[in-house]
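Input sequences plus hints: build the corresponding full structure.
Residue numbers (my numbering), protein chains in the order written: chain W, 1 to 116; chain F, 1 to 113.
Hints should not be assumed to be uniformly reliable.
Said to hold, decoys possible - Examples of chain W residues toward chain F, derived with CB under 10 Å:
#1 Met-41
#2 Glu-59
#3 Thr-104
Claimed, not checked - Straight-line C-alpha distance at most 30 Å; calculated DSS-like pairs for lysine-lysine:
#4 Lys-71(W) with Lys-57(W)
#5 Lys-9(W) with Lys-71(W)
#6 Lys-36(F) with Lys-57(W)
#7 Lys-70(F) with Lys-57(W)
#8 Lys-56(F) with Lys-70(F)
#9 Lys-36(F) with Lys-67(F)
#10 Lys-68(F) with Lys-36(F)
#11 Lys-105(F) with Lys-68(F)
#12 Lys-9(W) with Lys-36(F)
#13 Lys-36(F) with Lys-70(F)
#14 Lys-105(F) with Lys-9(W)
#15 Lys-57(W) with Lys-9(W)
#16 Lys-57(W) with Lys-105(F)
#17 Lys-14(W) with Lys-105(F)
#18 Lys-36(F) with Lys-71(W)
#19 Lys-105(F) with Lys-36(F)
Just so you know, these hints were derived from the structure itself, not from any lab. None of these values were measured; they are calculated from a predicted model. C-beta atoms are modelled at their ideal positions from N, C-alpha and C, and glycine is treated no differently.
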Amino acid sequence: NAGVTQTPKFQVLKTGQSMTLQCAQDMNHNSMYWYRQDPGMGLRLIYYSASEGTTDKGEVPNGYNVSRLNKREFSLRLESAAPSQTSVYFCASSEYASGGARETQYFGPGTRLLVL
Amino acid sequence: GEDVEQSLFLSVREGDSSVINCTYTDSSSTYLYWYKQEPGAGLQLLTYIFSNMDMKQDQRLTVLLNKKDKHLSLRIADTQTGDSAIYFCAVRYSGGGADGLTFGKGTHLIIQP
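The following block contains the structure:
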């Protein structure tokens, strides 16, 4: 049981390049999330998927798109990377998006992205 | 919108108790969480408390919730060098808006020998 896995661990992009960050969970969770973490900041929610087939914007969605490929996988795409998107990206999952203790979120190890 | 505030740094001596504090602004909170992040790693869930509880204890960890003052604290007894990390308070608010958690900026816990 690996929990939440993310690939790649590190990535360097040039401004304008595109890439997709992958996330998978093996806990049979319904809900998945993408956050970014910047120095001196907490985590900010980019997008989330309350259940398979649904996605919704979080606090900072601009410049990103997501796909809930199936129950296990939730990807984050940067279509045209900008230096402001340099950050550490965390994927998380929970059994449900609301519903008491079953909304407790479990995090992946993160993807460190540098946009030059 | 919702806001979660934490002190950025806390320094304690090894063996002492650490108390990390968190304040939040919205009284519609449901669950409140403490996460630990070690250098270069993801966030690890430490504990959580439901908003109708005042206290929760789990081994060396004690969480206290004062709903009237919107204040949450995490006490780590007998602090060890392995406790050195960033501790994030996170609040799950009920009601509309995006799902997910609102995080504080994290408290760096520094252990002095």
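Exercise. Checked against the structure, which of the hints given earlier come out wrong?
Worked result: none
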